[in-house]
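K.L.:
Which chain is which? The protein sequence lines are U and E, in order. Position 184 of the first sequence, counting from 1, maps to 184 under our numbering, and the rest follow consecutively. Position 510 of the second sequence, counting from 1, maps to 925 under our numbering, and the rest follow consecutively.
Calculated from the structure, these hints are not laboratory results. One or more of the hints may lead you astray.
Claimed, not checked - Straight-line distance between alpha carbons at most 25 angstroms, and here's what the computed SDA-like set of lysine to any residue pairs gives: (1) E:Lys570 <-> U:Cys269; (2) U:Lys224 <-> E:Pro996; (3) U:Lys2 <-> E:Ala1024; (4) E:Lys552 <-> U:Gly402; (5) U:Lys267 <-> E:His516; (6) U:Lys267 <-> E:Asp523; (7) U:Lys65 <-> E:Lys1304; (8) U:Lys154 <-> E:Ala1024; (9) E:Lys570 <-> E:Gly439; (10) U:Lys267 <-> E:Pro996; (11) E:Lys552 <-> U:Lys224; (12) E:Lys933 <-> U:Gly19; (13) E:Lys1302 <-> U:Gly248; (14) U:Lys267 <-> E:Asp585.
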Amino acid sequence: MKRYSVLAIAREALRGHLGWDRAWASPAPRAHYDVVIVGAGGHGLATAYYLGKNHGIRNVAIVEKGWLGGGNTGRNTTIIRSNYLQDPSAAIYEKSRSLYETLSQELNYNVMFSPRGVMMLAQTQHEVRGYQRTAHANALQGVATAYIGPQKVKELCPIIHIDGPRYPVLGALWQPRGGTARHDAVAWGYARACSDMGMDIIQQCEVTAVRQSQGRVTGISTTKGDIACDKLGIVVAGHSGELARMAGFRLPVESLALQALVSEPIKPCMDVVVMANTVHGYMSQSDKGEMVIGGGTDGFNNFTQRGSFHHIEETVRALIETFPMLSRLKMLRQWGGIVDMTGDRSPIISPTPLGNCFINCGWGTGGFKAIPGSGWAMADLMARGTPGPLAAAFGLDRFRAGRFIDESVAAGVAH
Amino acid sequence: MSTRLATGGRLIDRARAVDFTFNGKTLRGFAGDTLASALLANDQMMIGRSFKYHRPRGVVASGAEEPNGLVNLGLGPAFEPNARVTTTALFGGLTAESQNHWPSLEFDIGAINSAFARFLPAGFYYKMFIHPRSFWKHIYEPFIRQSAGLGRAPKNRDADSYEHFHAHVDVLVVGGGIAGLQAALSAARTGAEVLLIEQTAHWGGRAAVDDPVIDGTPAAYWIKTTLQTLESMPNVRLRNHMMGAGLYDHGYALAHERLTDHAPATPGPRHRLWRIRAGRIITATGAIERPLSFAGNDVPGVLLASALRDYIVNYGVSAGDRTVVVTNNDDAYRTAIALVQAGLIVPAILDARPQADGPLVRQARDLGIRVEQGRGIAKVQGRRRVTGVAICAQAGEGAVLEEISCDAVAMSGGWSPVVHLWSHCGGKLIWDEEQAMFRPDATRPPLGADGQGFVQVVGAANGHLRTGAVLADAADAADAAVLADAADAAGGEAPVAQDAEETPMAPVWLMPQGASLKLRQKMWLDFQNDVKVSDVQLAAREGYESVEHAKRYTTLGMATDQGKLSNINGLAVLSSALNTPIPQVGTTTFRPPYTPISMGAIGGAARDALFQPLRRTPLQDWHEAHGATFEPVGQWRRPYAYPRAGESTHDAVIREVKNTRQAIGLLDASTLGKLIVKGPDAGRFLDMLYTNVMSSLPVGRCRYGLMCSDNGFLIDDGVVARLSDDTWLCHTTTGGADRIHAHMEDWLQCEWWEWQVYVANVTEQFAQIAVVGPKARALLEKLGGVDVSKAALPFMHWAEGTLAGIPARIFRISFSGELSYEVAVAAGQGRALWDRLVAEGAALGAMPYGTEALHVMRAEKGYIMIGDETDGTVIPQDLGLDWAISKKKADYLGKRAQERSHMADPERWTLVGLETVDGAVIPDGAYAVGDGVNANGQRVTIGRVTSTYYSPTLGRGIAMGLVLRGPQRMGEVIDIPRLDGSIIKARIVDPVVYDKAGERLDG
Ligand SMILES: Cc1cc2nc3c(=O)[nH]c(=O)nc-3n(C[C@H](O)[C@H](O)[C@H](O)COP(=O)(O)OP(=O)(O)OC[C@H]3O[C@@H](n4cnc5c(N)ncnc54)[C@H](O)[C@@H]3O)c2cc1C
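Next up, chain U with everything else stripped away, as it sits in the complex:
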């Protein structure tokens, strides 16, 4: 595989860019793989990547019903942060964030990780106390955050209106090394690296059945035929319930539409990511100049990838309140994704009732930031058969034991 560099670009420029390799191959499925991963979203691809990278398992297929990265990985608002409250969450999200720091170099693909800083506004006394608590927790967890006052908020983000009539900004939880990355590039970079290790990424291939015998998975049936495997990883986000049904077990997961929108591009005016949970919305500015905006989920289950417009209204209203200049911009595009929500709003990285089948899901509204860390932990689980410390708390058994990892404590919206 040709490496990407300024030099390579210069060389190719002279011959009309005719010499670039394919970023990934599009092979037909083989009859058997050591490991099959269902779902070529960020989490599925990262799982495959770390299986190869950390555990030397390379006879791997990643099976995708549409186009790789076309699920929530390609639809999200790309906020990356690790200022979570509960220890297990902070551990995996910080692991993930730290992997993002060097991901472009690791993959030789610029994923544009931009640690521009994430602030979560405190607009009620309750939030003030909540974020002070998170700051204390983060200090002990090794996550660099700070609680800052309103003047500092204004300094970091001049377009913010800090003394609005209803919910003046009282302070914020600030994570200077949080930020954003380019979502497509994360999927594409991992895909390219997986393909380079000899793994097969099989797109336009929908899994229709999970074949099993004596409590173990033997393979899958797909729209491109049957594929046998020794181990199966299910990493399909909003469709996890479906896959679990095929495998014969149930998940405590609901699928809901979550929407986002962007404005038309404008010149840079906002250098940080701002989340405002009391009014319920968040915003950042993409490198292209679009204001990237998101809010809440629908109140009902759904698979259509279309949400209810009143959520867009509420979100925009909340953000006009926070950033009055927004009123004179225009919405360019809105869309939705189907997010997989667990009861405690924390993910599942877990063995399943089928001995050689593993599942990774439940990232809900906030799993983009987790892609590298989740892939790392899932690969570890699949390679060794038992969860390591990063995944230990996220097993399915926690619902039976009542050992929830509830993050809604810290934030109404968890992106």
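Take the given structure of chain U and dock chain E with the ligand to it, following the hints.
P.N.:
Just chain E with the ligand now, kept in the frame of chain U:
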């Protein structure tokens, strides 16, 4: 040059000159102009720079599809970036500035990108800027951000207002061309309620420009009379300046009306967002002409053929003196004919088809226009303005046959139906081979709740490009659209128009067909985002084969025009690069809105003070007048404290606490949730909701209760009073009132629907005032009317009576540990009661207190606060509240959950008091640490602080917290780090630090 012609222009009023400025220059147009036509009339062809290469850009289109003509419009609070010149009506005093360049439009440093274009192909940024790592944040990204973006960021607050409208109609027709007019007419004749909307200021669409013959009269006449008929019908509403923005499930449509953009001085809202529920939706949104891909097709002066015609016919504006027409269909001949008829020169029509011989072709020839068939453009000459074209054979590789000097090019690559709205909500498309276009597949429409299609597409949007077919289609569809039983009554004959013969178009995706790489690197697909034919081919070569991958990799179609001109051309290039037929490659998803709509309109009127409903207690005015500082709690604003002159908020809190403990404090408790639960099954219902037994509560008594989620976590608490045999009054927390009401309804409606229980939220029906402190009884006795003695009204009882002449319910409950009465009166009499309490209380030392004093006092008593001691992960057992959990009940919400292994684990964090060794106040949110680190390298924690205050009563910091096996470790000293790393030593103590015996409760 582009200029205003001496005559013509059906939409302008030459008697009314209008002055405006562009980049500081004052220019003149006419009333009726768009900003685009006025700029062209002033020879301002170049009006912006492209996104990536900063190439010179001029107008290419005449309507909503325009990708290039974007300006910074207006000043100060009326400023708007990225305003599209083709849809901006001209008005006196309009100010516009070109965008995306520095220092000026003519000399733009960013244009250096264009010189390096070959180093910046699609996706170059994924391959570059990888090393060194820190450069991305500090150097590369800031540079990219600065050169990207288009318009400036608005600086001022928006001075305009916006609003939302709702409409419910039988039939919504989107698009006011002849198809839309006819469809509306046919639908309206059946008696249906019809709303017809049109995005521009004018009716008739393309037919108004081309003026074909309809029913034997000029189209203009037909349009006029049809409009008059529609206007006269009571069941029809017509709106122009209103764009159908999006279609959603179940017949929900969104439209965006621009009320004052064309006349900013008009009072009233600027934009209006319409939320429309329609039984049937007919989209008659027309078609958009496609550009052709030839080298230099992005040079200012190259326009769509139809746009050139629009400028001539509508505004009397010519884009150039000498216009070469290049086409693959007959329609562009109309432009050539219109140009010649306007006295302009058409040096040649280059028709890529080997043969074409319809009436339009003959007419052009008869006018003396040179028609070259099988020919195309090898290359456009000129940089900031077209200076000529090089001609080549379409079938060849681009060898130049001849050069023709010209200053404009009119191109036409065929037409694409506007299928956006149809597709927003799941309508499917089919590929029409003959016309080389995607059109709606009527057999796979968006489905409504009844499983039936609810959208129909008519006219050009449905793939009919000729007048006669358009009208017939519209009349038919509208008949079918209206309810089946009305079909007989359906309306009138369809109008007739004769469609002259035309030679079929021939798809041309590359010009010339065998163009070299060098040429393909100069063929633009997406003008705004700078995506070229070579970019899409590169994407395909690199494996970005899915249409979505190719789009995202190249950014094709992701600019502010959302690919209205580029999508199909790009798709065709991708399809041929992949050697896959177009329909198998498929389209990208169409997403609302059709064209960008203002955030202001989406937000509507709810901003600033109206942002959210402000809930006011009956005493709010008094609090405001008496210097309260407020904190938002839900949608209420509760007094936090009442600082006096010279007092800090902290001082005020201390004073309020001391005064309440020593004399009397008055608290506005009206925000407390009050839910009436009534009915034969109410007792049984409450026994399920609360952890203890409420059915056994005698009338006249109060009981403290806890509510848990089905997962066992404590979600709310409060005092329940039994009002009568079948009626209970449940107090909830302020923040919990609506949530708990919904929780109750959820269980009643989804699980226990057969139980006879009615719940009413009466929170706002009552004012509730807490009269607290050792002299509370004396004050109430002073007011008189109710026996509030210890014997008549013991703790946890309530009584009804007339207090100070006001009917009242008085509860003997306490959240402070002091003697305390909560008096509830009808909301309308709350202020009267408060005023009496303040007046009569003065002599006894009564003062109001706010939420912070309330918190301090409850913490001194070790009372828990929902949201402080609880956070959604805490069960009542953690808080030592076992006494409030019935052991006898077979079930209550949360019971089963609380039996799960982790919940029943003795190793849980449990509530204790924390007394700092040195009396300091522990910071909010601090944790207690144990030894070492866990498996993930995180410091081990053994507890956390849930409430922490300075206690004025004890003169030192007090706190409560949840600590691992806390109650078993009384007296132990634990370490609590501050954020700076310093350690606070705190002793584990009983949470009740004041009046442990509870002697003060009775006064
Ligand atoms: C609007 C929105 C905004 C968001 N914002 C953020 C944010 O700011 N920050 C953040 O961290 N997170 C955010 N998220 C969440 C984040 O996008 C997801 O948690 C994350 O991308 C999930 O990745 P994934 O790989 O698990 O799922 P996906 O990317 O959805 O991948 C799952 C894949 O499985 C495939 N699949 C499904 N069924 C089958 C089958 N039967 N056979 C084969 N393949 C199948 C799907 O096609 C899909 O490609 C947001 C989500 C949305 C929708």
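K.L.:
For the pair supplied as a hint, Lys267 of chain U and Asp585 of chain E, is the alpha-carbon distance within the 25 angstroms limit?
P.N.:
Violated, at roughly 44 angstroms.
K.L.:
Are the Cα atoms of Lys267 of chain U and Pro996 of chain E separated by 25 angstroms or less?
P.N.:
39 angstroms, violated
K.L.:
Do the alpha carbons of Lys552 of chain E and Gly402 of chain U lie within 25 angstroms of each other, as the hint requires?
P.N.:
Violated, because 42 angstroms separates the two Cα atoms, which is more than 25 angstroms.
K.L.:
Below or equal to 25 angstroms on CA atoms is what counts here, so check Lys933 of chain E against Gly19 of chain U.
P.N.:
16 angstroms, holds
K.L.:
For a C-alpha distance cap of 25 angstroms, please report whether Lys570 of chain E and Cys269 of chain U respect it.
P.N.:
Roughly 9 angstroms between the alpha carbons, so the hint for Lys570 of chain E and Cys269 of chain U holds.
K.L.:
For a C-alpha distance cap of 25 angstroms, please report whether Lys224 of chain U and Pro996 of chain E respect it.
P.N.:
21 angstroms, holds
K.L.:
Sort out whether Gly439 of chain E lies within 25 angstroms of Lys570 of chain E, counting only the CA atoms.
P.N.:
20 angstroms, holds
K.L.:
Is Lys267 of chain U close enough to Asp523 of chain E, meaning Cα to Cα at most 25 angstroms?
P.N.:
15 angstroms, holds
K.L.:
Would you check the hint for Lys267 of chain U and His516 of chain E, treating anything up to 25 angstroms between C-alpha atoms as holding?
P.N.:
Distance of about 11 angstroms is within 25 angstroms: holds.
K.L.:
Is the hinted pair Lys2 of chain U and Ala1024 of chain E satisfied, with a Cα-Cα distance of at most 25 angstroms?
P.N.:
59 angstroms, violated
K.L.:
Lys154 of chain U and Ala1024 of chain E were given as a pair; does the straight-line alpha-carbon distance stay at or below 25 angstroms?
P.N.:
With Cα atoms ~21 angstroms apart, Lys154 of chain U and Ala1024 of chain E stay inside 25 angstroms; holds.
K.L.:
Holds or violated: are the alpha carbons of Lys1302 of chain E and Gly248 of chain U at most 25 angstroms from each other?
P.N.:
38 angstroms, violated
Violated hints, in rising order: 3, 4, 7, 10, 11, 13 and 14; the structure is consistent with all others.
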